[in-house]
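**Student:** Chain by chain, the residues:
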Amino acid sequence: MSKIEFDRRDFLKVMGVSGVAATVAGCDMPSYITSEEGAEEVIPYLSPEEFVIPGVGVHYASTCLQCPATCGIRGRVREGRVLKLEGNPKSALNTGKLCQMGQAGLQTHYNPDRLTKPLVRKDGALAEATWEDALALIEEKTGPSSGLSGGRFAWLTGTISGHQSVLLKAHLESLGSSSHFVHEVINTRVWQAVCQDMLGQSMPRLRIDKAKMVLSFGADFLGTWMSPIHFSADYARFRSGEDRGMLVQAEPSMSLTGANADLWVALRPGTEGVMALGLANVLINKERMDASALPAAALELINQYGVSRTTKMTGIAGDRLIRIARHLKERSPSLVLAGASAAGHVGGYQSVQAAMLLNILLGNIDQTIEASGDFALPQLASVSGGTSDLSRFADAAGAGKLDAVFFDGSNPLFAAPNHLGLTEKFDSIPFKVAFSQFMDETTAHADVVLPMASALEDWGTHVAAYQGGDHEIAFQQPLMEPIYPGTRSFGDMLLALNSMRNPGSYDGLEDYYGYLQSAVGSIPGVLKGEDDEAINVSAWNRILQDGRLQMPVDTRAFTSNLSMDDMDVRDADPAFPYYLVPTPRGTLYDGRHANIPWLQESPDQISKVVWNSWAEIHPVTAAKLAVEEGDVITVTTPDGVLEVPVYIHKGIHVDVVAVPMGQGHEDYGRYARGRGVNPLKILQPGSDAKTGELALYGSRAALAATGRAGRLIKMGNTETQHGRKIVATITAEQQRRNEGDS
Amino acid sequence: MARKTPKKRLLGLFGDFEQAIKVIIDIRQYEIPGVSVDNITIKSPIEHPEIEEILGDRPCHVSKFTLSGALFGLIFGAFFLAAAQANFLIQPQGGKPVITITSNLVLIYEMLILFGMLATFVGFLFGAGLMRKRSTLDDEMISLDQVGIVIEVEDENIDPVRQLFEKHHVLEIRDRELKDQ
Amino acid sequence: MSLVRNFIEDWSRYRRSIDEGGFHEYEHMWGMVIDLDKCTGCNACSVACYAENNLAVVGEDKFENGQGMHWMRIERYWDEPNIGNERVRDTQEHGASFMPMMCQQCNSATCEPVCPVSAAYHTPDGLNAQIYNRCVGSRYCANNCPYRLRYFNFFSYYEDSWPSPLDMQLNPDITVRDKGVMEKCTFCVQRIRSTKNAAKMEDRQVVDGEVQTACQQTCPTSAIVFGDLLDHESDVHKLWHKHQTRLGTTKQKKDNPELRGYRLYEQLNTEPSVTYLERVRDV
Amino acid sequence: MAEETHLSATKDIDEKIAWAEINSDVLRSMENPRMGYWLAVVVSICMLMVGVASEVYQYNVGMGPAQLNNPHMWDLYISTFVFWIGMSHSGTLLSAILHLFHADWRKPIYRFAEAMTTFSLMTALVFPIIHLGRVWNMHWVIPYYSDRGIWPNFRSPLVWDAFAITTYLTGSVLFLYIGMIPDLAICRDNAIGWRKRLYTFMSVGWRGDDRQWRNFRKTYLLMACFLIPLAVSVHSIVAADFAMAIMPGWHVTSFPPYFVSGALYSGCAAIITLFVLLRYFFKFEQYMTLPILDKTCKLTFAIAMVWSYLNLIEFASVWYGHDIPAKEVLIAKFTGPYSPFFLGMLFCGSVLPFTLAFEKIRRNPMLLLPISIFLNVGMWLERYMIVAPTLSLAYHPWSWDVMWPGWVEWGIVFGSFGWFGLLFLIFVKVFPSVSMYEVKEMVYHRRRVVYEDAELRAHEYKKGASGASSAAPATEGS
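Chains as they are written, first to last, in the working numbering: chain A, 198 to 939; chain B, 3 to 183; chain C, 984 to 1266; chain D, 289 to 766.
There is no bait here: all hints are sound.
Footprint (simulated), chain D over chain C, 3 or more residues, beta carbon under 8 angstroms: (1) 1035-1049; (2) 1099-1107; (3) 1113-1127; (4) 1134-1141; (5) 1159-1166.
With a straight-line Cα cutoff of 25 angstroms, these simulated PhoX-like cross-link-like pairs (lysine-lysine) come out: (6) LYS24/B to LYS304/D; (7) LYS483/A to LYS409/A; (8) LYS1234/C to LYS1221/C; (9) LYS922/A to LYS1221/C; (10) LYS922/A to LYS1225/C; (11) LYS1234/C to LYS922/A.
Simulated restraints, written as ranges between beta carbons of each label pair: (12) ASN348/D to VAL1266/C: 54 to 60 angstroms; (13) ASN348/D to SER625/A: 52 to 58 angstroms; (14) ILE516/D to GLY131/B: 24 to 30 angstroms; (15) ILE661/D to LEU69/B: 39 to 45 angstroms; (16) ARG178/B to SER434/D: 53 to 59 angstroms; (17) THR541/D to MET1184/C: 50 to 56 angstroms; (18) SER627/D to ARG520/A: 44 to 50 angstroms.
Calculated from the structure, these hints are not laboratory results. As the structure is a computational prediction, the values presented were derived from the model and not from experiment. Cβ coordinates follow ideal geometry from the N, Cα and C atoms, glycine included.
Excised from the complex, chain A in its bound form (with noise of 0.2 angstroms):
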């Protein structure tokens, strides 16, 4: 780390001319170092900005946006270019912490395959267009003189929160229409309507850093869960001191948070409300524990599950229910999470209800789970995304009730299943825009496409769904010039949408940064005295400086509306006698990163296998298939066939088939195209029945052997230590006896 040391008031008047360079500059061409199709301009520092100290790093704070968990950032920007990510120590949410895509952000932002020039759909093909053109184009369809109004025009985005976000909603509402599509693949959503039904909050605070046992039913807090960094730092102090926690997991094939659990219990999928009903069982049946807060029509459910029902339907052993259980009533306060796996069936909002139940009983309320309260400006907050949206949008454009739409920060051709039939469905809509950096599946299906600046170009405000301890907005500001002159910001492009639509309504604002400045400027005793008039720059300067604006919270308490449904437990179809279980990861994400380099070279961190998909399977399904590891096996659903290599190993339960989401592009530049195959692709229809979200856990599969060796490239050619004590392991109560002051 290059310590910057010069004047504090130095900084950040650093900090404010930086900001107005990048934004004032808008596409001029960038001071120091420039790369146009691959041309390198190197213009000597004979009279080098202001700030600019040759050799000296400076860190400038920003948010990072390769997922929607907004951790905070600081890059270290040396000679105008950025060079290093790092977390934001200033960040409540991340404390100066990051995780590797977060790392990677770099490589999104310096991506070879980025898009450089507007593009527009001419004969049937995507052919270069000046930004007059296609914004020429875009008023033509979607301007006030297109007549296009209502339900006709719709958003469909990723996770959006902060100003862009009311920008967007702006932009609708001028429309007359509704239709914003919130499209994640990873998602929360059904924990966040289990939490909003049951506890009147959708995003409690999870202290797992306060649990002494955490049971988690397939969520992965350390992977993809939410907002990872953050239960990390929580996750270390869980597992500090005298009180080390203990982590339970059970789910169907290993995630990052099962392979560092205490124990991992292979679940077989669906049955993870059962187990969490078996455990309330035999918490209130055998440890006699107080059942008065929770409802008759609960605890007559409870009772139908008794543990020989449960273990035969989830597959644990009865002693491993019963210790687990007894587990959880001696180390109160415990927390018990249900994650993706649960989530993920046509019962899912039931088992997740299950868990939930279980926090109740066991009097984690209040203690583990505590209430959080709304974000003090809604219209910030942020706009979670889910599956069900992708499935409403599929029903829409099949329906052919859109005329015009514009995707931004989502690919819902990759992620949509085949079943959807999305792709046809897309097509059909008469006028697709994508705001995008790279050509990925749903842009080349787009009749528009909009370069974008990278996230580390571009001015924005967040607001974490998840927020850790304080809410706070997280500030996105530029770490560098635009690479490519040709790419503009989607706050500009929001605004200048906006301005289509209503002309002069924005007229005073240069552009998305002074609108952010003023928007900001408009929260109260943020920039603003009382009485003030002007902007306090200095105050701008620090929340630039800090990356982040602490808002107050008001908390509310949780209001409690128990209620609980019977499980939905599917029985298998004997033709297709495994689960296909497409794994997320905190590599490639939802296929999102696939396109960096530094990721596809990241070893998967359960399988370690590099630049490919790969099959998950039991030990005891291989010697049914007679498969050695790197064998191909067809995964075959009703919905398609993938064939791909296996990895064996025991993290998996032994009737599931577990493939990574993330590979298997067929578009999105050099380092993802032609790699691997997409699970998602072939998942089988079925929606959870609340919330309306795909059933991703939920597809049956059968496999077969092809009798060929595929290519599994894998860092390390071990699967065990060999007898050496290279990781060495004592137990819990060794550790408790000796390190009990820190």
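Given chain A, put chains B, C and D in place with the hints provided.
**Tutor:** Positioned in the frame of chain A, the structure of chains B, C and D alone reads:
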């Protein structure tokens, strides 16, 4: 310039060693005037220590070269390595000796042999009187299968030598005026 | 004269280092502690290292050939079915064992003495350094590293690892290595250097926590602690002390054998500067 | 004639050969290359070109195409290096030892053996150079003064290698050259044109004076005395490349003697191969006689047994020592992916030499040619089995990896044989491959010295009275 008694070199070629040996024994026994054993040179296609014994003790200094070369290698090696190591700017220190005696022993050993051999070779070139201009009094048959005896005699004493040679079935006799140095 | 002076100086230093335990001559002794119980195996450190140290992405084929570059690698071990377990289980019920492995910065490094050109050497900071432009690529050091933590540039990776504009990200503080050069984790020596320089400019000592390695900085669970072992106030020293791990021994003598600190392959007498704290498992 | 063949079957050399005939036979071998010779030269050059092309490619691209990877940093380059170094031990060491022991049967064969030493050393020297990732900086291994105060690391066994190989190359070239000076004088006396000039220059004025012979004898003896410890030290140092490392399977105390015996073994086997080839192609039946071949084979057999013993003792000490990683390597050698090669090495190296226990085979050049080649295949495999399994399996299981050499590596190994062959082919046409003056000495001495070969006596005894008259030791004056 000219000598008072001009000298000549006489080369007698013999069919085998026995005859050559007999010639030398005769010279030793019958004291031919002006001819001493020390002035006799034998040229032979193979080495023949027995004849050389008859010729008497003649010095051979190769082993002195060898010894001094080996000693030089030893001492130079030790000092060179020590000097190089002591002055090596980035020589690692981390708790380890700077001048590593164990590894230097190996290298000094090699240096000893290297310089020993080189000195031996130089000693050989000097000692054997190689690489200098030679008299042309020579015959190709010597490298084939004949033994030559070269005797330096004054002109007046040539005849007895010739007779001696012929007595022992010399195959051919050649002579050369011995020029000034 | 300089010969004699250097010789005497070096020799006296050497003698003192024998008498007083071997480490006092160092300005710093950079060391690390990695808590394997906190490590979740998330790989953030590894990618941070790629970003900080200009590590080449070698691509699928070369990675398959074992020619990858990952100075910081997370190894994942499954429990062995027979050793230490009373029965063979059908699930991996204690999760995985993750091992972050980077150069152990041995104080008695096996790679150093075998390098024919002294490209691998020991700095006064206690670092096991590699001089890239001195390296001739004999690869002996890598062969002699029991941890297999040295990586060789089998190709000129720079030619296709950073297609423009990816090359704009390259850290100007350290080089991009060409073919034929051995490289390895340096404990982010460029960060150490700039911090030391800054401290020197201000005429003060380097403060604990001022130097952070890239892996440590990003580690989401703060499992990696880095610092100066000679600074008795540093976290890393305290942790070494607390877990009774010491330099200068092949077997740690502990009052309490349950203390978690250990160094990898200590019995080989390589004197690593990295202490690992044992993984903990409940149940 | 029957008598003569009989004699040639029992005596090292026929003492009746006239000196002039020796000269003419050997000089004839240096002239008028036949078609086969040129063919061999062309083949060698083609092989060399394959190697050169591979190296040029490697120089430009890097070590990657050789399929070297993270655990396998050395592989074929270093194993072939050790192989060639081993080959080089035959000539000089045997020549020097046998010289000290006055075993005069060395005389007809030592010249080409020494040449082989020099050329295999020159071949071997190529490998540590081209295995460098940055060949263009190879001079940094040489200790020369630089104003930056940078020296090579004298603690590295690779630097010891550089010292030892330089010394050995110097020594063996000197030994070969000094021993050749009288023969060069013969050549000078019989040559014309460029050869005359070359030999005149190279024979440095040798006239066969007693003074020259006296110094020559002394020098040759001293050189032999130097060369024996030198040769042992060279291969010990090569062994130290491995033994000084801490890797299991390399860190073995018995490696230096094991390497030295392996070196002698492969050298002897190579001598047999070249013996048979030279004898056949240059019609040297009179000098490279079957009894000498027989003796060489016996020597080879003895060394093979020493080598096998050291092999077994290495296995035993690893097993007894119970160092788990070392044991794993040993087990993997027998059962792992490299086991075919390892078992092949044991077969070629330890079983095949038992064929040399039979006199019929020892005196059958046509059989010995393939046998000796297979012995050397075994010795090449030995070196490969020293390098590869340890690299594939060491302390850290995560990095275990089995790797097979890439085409560049094979190309360079292949080319090295062409290089060696080419050097040797040039040598046999430019320099006398049989020492003329020493064969003359041998013949001379055999004529005079009372023949006390017990073997011959026994042979005579068996033959009985039948052919007694002719079989009596030849005496002078015949």
